[in-house]
Amino acid sequence: MRAKAKGRRATTTVVVMRLYIANSAPNSSKAIANLEAICKEHLPGAFKLEIIDVLEFPQRALADGILVTPSLAKISPSPTTRIVGNLSDRANVLHALGIKQ
Amino acid sequence: MARSLPKITTGIRGFDELSLGGLPLGRTTLLKGGPGSGKTVFALQFLVNAARARQEPGIFVAFEESTGQISANAATFDWGLPALARNRIFFLDAHLSPEVVQSGEFDLNGMLAVLKAKKDEIGAKWIVFDGIDVLLTLLQNPVAEMREIYRIRDWLAANQTSAIITAKAEGRTSEIVNYSFMQFMVDCVISFERRLEHGVALHRIEIAKYRGSSFVAGEFPVTFGPAGMDVGAPEPAEIRHEASTERLSAGFERLDTMLGGGLFRGSSTLITGVPGTSKTTLAGKFAEAACRRGERTLFVSFDEGAEPIMRNLASVGIHLRPHVKSGLLRMYSGRTESIGAEDHLVKLKSLIKEHRPRCMVIDPLSAIAKTGGLSAARNVANRLIYSVKDERVTVLVTAINQGDDPQAESSDLQISTIADTWIHLSYLIRSGERNRALTIIKSRGTWHSNQVRELVLGASGPMLADVYTAGGEVLMGTLRWEKETEERAKTLQRRAEFDHKRGTLQAAEADTHARIKALQQDLVRQRAELAQYSSDNQARIVSSSDREKELGRIRSADPARRNGGNGSGNGAKKGTRNAR
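Chains as they are written, first to last, in my numbering: chain W, 1 to 101; chain B, 1001 to 1580.
If you are wondering where the hints come from, they were derived from the structure by calculation, not from laboratory data. Any given hint might turn out to be false.
[To be verified] Pulled a few chain W residues facing chain B out of the computed Cβ check, cut under 7 Å: (1) Ala22; (2) Ile51; (3) Leu55; (4) Thr69.
[To be verified] Straight-line alpha carbon distances no greater than 30 Å define the calculated DSSO-like cross-link-like pairs of lysine-lysine that follow: (5) Lys1116(B) / Lys74(W); (6) Lys1349(B) / Lys1370(B); (7) Lys74(W) / Lys1501(B); (8) Lys1389(B) / Lys1325(B); (9) Lys1116(B) / Lys30(W); (10) Lys1517(B) / Lys1442(B); (11) Lys30(W) / Lys1389(B); (12) Lys1007(B) / Lys1370(B); (13) Lys1501(B) / Lys1517(B); (14) Lys1168(B) / Lys1118(B); (15) Lys100(W) / Lys48(W); (16) Lys1118(B) / Lys74(W); (17) Lys74(W) / Lys100(W); (18) Lys1325(B) / Lys1349(B); (19) Lys1370(B) / Lys1389(B); (20) Lys30(W) / Lys1349(B); (21) Lys1347(B) / Lys1370(B); (22) Lys1389(B) / Lys1349(B).
For every residue, glycine included, the Cβ atom is placed at its ideal position computed from N, Cα and C.
Let's have the full structure, built from the sequences with the hints guiding it.
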């Protein structure tokens, strides 16, 4: 498990997310890169991201109902959302996460 | 092929025969077909059978429906799925909710990792991917689809897992491009089809490919019963029904006589006739006779309720109700408007399994052809009779034919060719009467009467009357009665004439005897008279010669002279002796 907690900003709500990846599979690596770029640009210091390697922790993925990788789950604030894919469609991701551009 | 491919039975009746043993072990099988064609039922039934019969755990990955929906659908079958789902069959809900947003490409690495973990945990031998097409279409990219399919294949091979993959394919010819390569990838491809024929849904199954194994080619009917899917596999080319020589009553004695002693145990009998020719009555009589022998009997009627049938039969002295009460007789009435022939077959098979009859009636079997295609009905009728015979049940079926020609049946369900005995009932109309005639068209392996008989229904049941043939015409009803009365009168007259003649002859005989006696008495008397006369005469001769001697002695006469002079006396004496 690679848990990354990035900077904090007290003024805005923190977006809590989990990214499920399959080790270094191409789509998984792309997803990490894409998500990190999005967070840097749109949620500086206002997000909490946990990255779960499904190959390493399959039971965790099973418990969370995650099957395809990569998958991104927004835990809070509500509503919760799930995004599948390598997150290359940035507008789609932002919309799903409820981030206003 | 030096070594035959290891296979595992599916427990799906009929399919193991088609596939010559089941699905390939350690390989992948693709089930393809349109929506509602039975792919999921097949896959699930296979898992249930593996879990129940061989205690093999399995995983069911549902891409299309939620596992809740699948469980609800499976609840219509008597598989006891909830109990199995607790310990032997693991359901993985892989159906993506519509709320899931897609952004960019994804792959199945994660899913396979999860499956690997679960497989190792429960020791699963089988994995079903149900509705994989749903997931693949999300990839929105043929190259990606192919890549993921290969990923699954490699994973299955690496994990030595047997798998069933189901995928939707519309129609039979318009294959979705992506599945054509999937067909090369897998070792066994089974096509499912659901089509409407005359408003009735028909399900078909076909093994399209089976690498390393032969299989029965062709399309076969599929039905769904309480135990799940049932494939109408072709009957084995060789018929191996035992031929019993035990005879049992066809219902009543006269008919048995016509059949050379009754029906053979385990044989099939067809009764054809236009409506109203008492087919049901004969069937009822057969059922009643079976119950009286204490044999379990199943009476299947179509489009007529059990109650009216029992009431109607009671009016001709056939009482089925007591046997229903005792549990010996099971009456089943089916509707034919909306159910296809295949479903009737499943129902009847389960009834046979349930009731275990030794004798069975289906009245009328021709009703199954009312809905759905005729060819399907023919197929079902044939399979039904064969499967009933497999169970060694003696079956009597009726069929309504239009028109009075028994051969019309042959254009209908074509049961007459496989039935062992064929009885035809018809009407003969003459002199304002409609009378029922019974003919035995065929009866295999036995002598049978070639005579047309009149079937008469009385309060005590059906009976057969001789028919009179006069001037090449068959007489029935009133004409027969008249003829019978006439015959009776003639008999009486002949008897009277005979009596009279005998009396006369007896008198004459007595007279002759008397005369013989009188003559004999005469004879005796005449003989006696003659004897009397002879002895008198002798006495006279003796006495006269004695007297001459005495006289000679007294007179001392010359004997020589006396001898010569008495020659005539000697002759008379001689003659007298001769006469004596």
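Subject >> List of violated hint numbers, smallest to largest >> reply: Of the numbered hints given earlier, those the structure breaks are 2, 7, 10, 11, 12 and 20, listed in rising order.
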